[in-house]
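Q: Chains H and F are the protein sequences, given in the same order.
If you're matching positions, the first sequence starts at 1 in full-length UniProt numbering and goes up one per residue.
If you're matching positions, the second sequence starts at 1 in full-length UniProt numbering and goes up one per residue.
Be careful, since some hints might not be right.
Below, simulated DSS-like cross-link-like pairs (lysine-lysine); rule was C-alpha separation at most 25 Å, straight line [unchecked claim]: (1) K267(F) x K221(F); (2) K453(F) x K59(H); (3) K59(H) x K27(H); (4) K453(H) x K348(F); (5) K345(F) x K267(F); (6) K65(H) x K453(H); (7) K327(H) x K267(H); (8) K453(F) x K65(F); (9) K59(H) x K444(F); (10) K444(H) x K327(F); (11) K453(H) x K267(F); (12) K59(F) x K27(F); (13) K453(F) x K348(F); (14) K267(H) x K345(H); (15) K221(F) x K221(H); (16) K453(H) x K348(H); (17) K327(F) x K267(F); (18) K267(F) x K348(F).
Covered by chain F, according to a simulated footprint, are these stretches of chain H (three or more residues, beta-carbon under 8 Å) [stated by the list, open to error]: (19) 140–153; (20) 162–168; (21) 274–282; (22) 451–461.
Far from chain H, some chain F residues (derived; all Cβ distances over 12 Å) [claimed, not checked]: (23) L41; (24) A56; (25) N162; (26) P218; (27) D234; (28) Q315; (29) A339; (30) Q408.
Don't read these hints as lab results, they were simulated from the structure.
The beta-carbon is built from N, C-alpha and C at its ideal position, and this holds for glycine as well.
There are 2 protein chains.
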Amino acid sequence: MTTSIDFITACINAIGSNYVLTSDTDKATYLIDQRQRVTGLAIAVVKPGNTEEVAAIIKLCNQYKVPVVPQGGNTGLVYGSVPDDSGNAIVLSLTRLNRIRTVDPVNQTMIVEAGCILQNAQEAAQAVNRLLPLSLAAEGSCTIGGNLATNAGGTAVLRYGNARELCLGLEVVTAQGEIVHGLRGLRKDNTGYDLRDLFIGAEGTLGVITAAVLKIFPQPKAQLTAMAALQTPDAALRLLTLAQNACGPTLTGFELMSDLCLQLVAKHMPHLAFPFEQHHPHYVLLELSDSESEAHASAMLEALLEQALEQDICQDAVLASSTAQSKMLWELRECISSAQAMEGKNIKHDVSLPISQIGEFISTTDALLQQHFPGCRNVTFGHLGDGNLHYNISPRVDQSSDDLLAQQDQINRVVHDSVTRFNGSISAEHGIGTLKREELLRYKSPIEIALMKSIKQALDPLNLMNPGKVI
Amino acid sequence: MTTSIDFITACINAIGSNYVLTSDTDKATYLIDQRQRVTGLAIAVVKPGNTEEVAAIIKLCNQYKVPVVPQGGNTGLVYGSVPDDSGNAIVLSLTRLNRIRTVDPVNQTMIVEAGCILQNAQEAAQAVNRLLPLSLAAEGSCTIGGNLATNAGGTAVLRYGNARELCLGLEVVTAQGEIVHGLRGLRKDNTGYDLRDLFIGAEGTLGVITAAVLKIFPQPKAQLTAMAALQTPDAALRLLTLAQNACGPTLTGFELMSDLCLQLVAKHMPHLAFPFEQHHPHYVLLELSDSESEAHASAMLEALLEQALEQDICQDAVLASSTAQSKMLWELRECISSAQAMEGKNIKHDVSLPISQIGEFISTTDALLQQHFPGCRNVTFGHLGDGNLHYNISPRVDQSSDDLLAQQDQINRVVHDSVTRFNGSISAEHGIGTLKREELLRYKSPIEIALMKSIKQALDPLNLMNPGKVI
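Construct the complete structure from the given sequences, taking the supplied hints into account.
A: Right, dumping it as structure tokens:
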């Protein structure tokens, strides 16, 4: 306890008493995850104002052997930014490091601090007529540091890649409190080991990301969407290949959803118009981002859909003729999660597969689930162009949600075993945190786990950085 | 010596006597770099035929404490695949692991073994109407394993990224001889630390890459080039921004060259037609890769060049009207290195800079060199779109090459100091090997060097993997 008081005093001396929160009221919102499922404890919530202060705090944590839980917008889905209930750790909130340091439209880069909210970074790019393509549901409150620590995905991965692919350099405070000045905005740099990509996706277990150089791109002149109705996921794959051949990098979105997804949207959001005259087993939402004009995008999309109809790949198609119509089609896709939640509690899986295997994965896994859990309802949708499925399960119509949730472990086992047989991933874009840590140990090979442990041991020998997360 | 004989016997037992070369004649070509500047020694050249045999050999190297120098096509420029002259090591040649295991056009991936020659991999992609974009001068003899171990660059980086960005998963034999089965062809996978990118670019110092999942892409329908004549590198940057805004991802090449470059080509390769009526201070070669048609690419390129001429960004421009003309323009660019070599020995630098800084870097560094080495000739060209310059120096007209080479260290110091002031990299695409190891130690921050060393120590505690390279 004396140690703890000395440590708190040292933190206050380093960054000021306003930024070391110790009362339960002040700490509360930092100790619970956004879905309010997990609550932890902490000695204090510490809020440094710049990189040097982050380094000073981490040095104190080394001196007093205090574990550190880095936290940005705290919007993660796997409890990676919430402390455990030991009460030994501090939460290191990065939200005061929220500046956009520079925007360089010619180099097509911007330097952004870890605590900057994603949407603010997007807007700063837009102000110089550039696009920061990283985009996801939480963009109004998630932060760049968290996006990089979890290697966030989102809706622009098909064309621009994950958060990892959008980062050229990092400023990092190591587990020992040293600052790595790696903010190089270079497209090519082959001078030693790739430290950057080691910190990206490590969920704060190897060090603290304090700033990043992000890639920005020319703004597309037009974005246009269409929706195609088709029989099977395999038909959706044929449409994907057709679209990639015809549109190349202009194709920026390719989302699959089953009919049940849109039935739930229709039931719970009746104000959203269903775009077809009749229901079909599956639908694909396509998006083109065109560097020329809306007319050019429209002609390209029309030609593609005509070809798909002629070849009987899809049975019907609608093409948005305005930005408003495009938004409406996206809204159908984006409301699936909420509609499923309004239908009752459900079991979520964020999995990825080799794209060519998705049809077989869905039919095989659906059948296995029906065999073991007859009547359970698959609400399957996702970023098909990235091989990323949100393979969610709702209870059968006469079953309570709690009844289904009681079977969660068994259902996860069926789904994740199937994912593994198809050489897929049990966490496509959400990360590991504590939620999937046991699953990771089950499915990752012992040799990969051993390599990860030896890297963790090398960079954080005192195990102070976000202990208990990932590994 | 007994140990050495026992080790050789064990290797022969593991993979057969045909594949353990011990005579000087058999070993010779594996012990010298392609430019014949550095020769090393080795106990043996060991040529396993598959991944299990690689693992068996590495296990023996652990047992007998024998260092390992992995080697692919041995085309590297920094002596990374040549052993030192201690004679303690083996060369581990991967050339027998040369299969293309699978090509999956729907997932847009191929699985290729480390010893497969790049051109063979390109052709296998082409056979299913897909493009493996990695392309570089040595593609007829370099291998995929070496391309990944050095994170190769080349001519398609502007649109498709370096070798790193083209790889989704790796099969690796660790320094202990364990096999990591990481051949996952997934676009999204957030399950722990990024081991893949740690092995990529490590130049064989952390383990041996034995196979990789590579991304492939739709073939463009047309490729078209143009050349613009302009006054300054800054004008070239304005043209780059204009082209990026107008063409988006269709722009796949943007190469800068100074007038002296093309004067040397004209002098030593008089059969190559100079495309302009008069000389200008600088030239840019642009390439579009169009997913629609040649007509579409041509119209886009014409509109771009008209705009650039109107805005006085460039003073003249030629547009290739056929594939043959396109090739001729590329040939001018690709012959610069040879023309400079025919002019005499010279000093090469493979540097990268923030793209927006390139104009200032060139004028500042040119001036510094003229101040310290009056009359030396800058032969400056490179992948401007990637920020990568081949900033080469030829002797002044009345100076011998040997005279210039005697000043190599001082010239490197001026150039690399300047690169560092502009926050650039002293090795953009060639890597470190032994050639730039001292430079790396000089320019990389001590904390980054310390992190690299701790990773090396963690993954290869016996220092058996390509010792003396990189770090």
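Q: Against the earlier hints, flag every one the structure doesn't satisfy and list their numbers going up.
A: 1, 4, 10, 11, 13, 16, 21, 25, 26, 27
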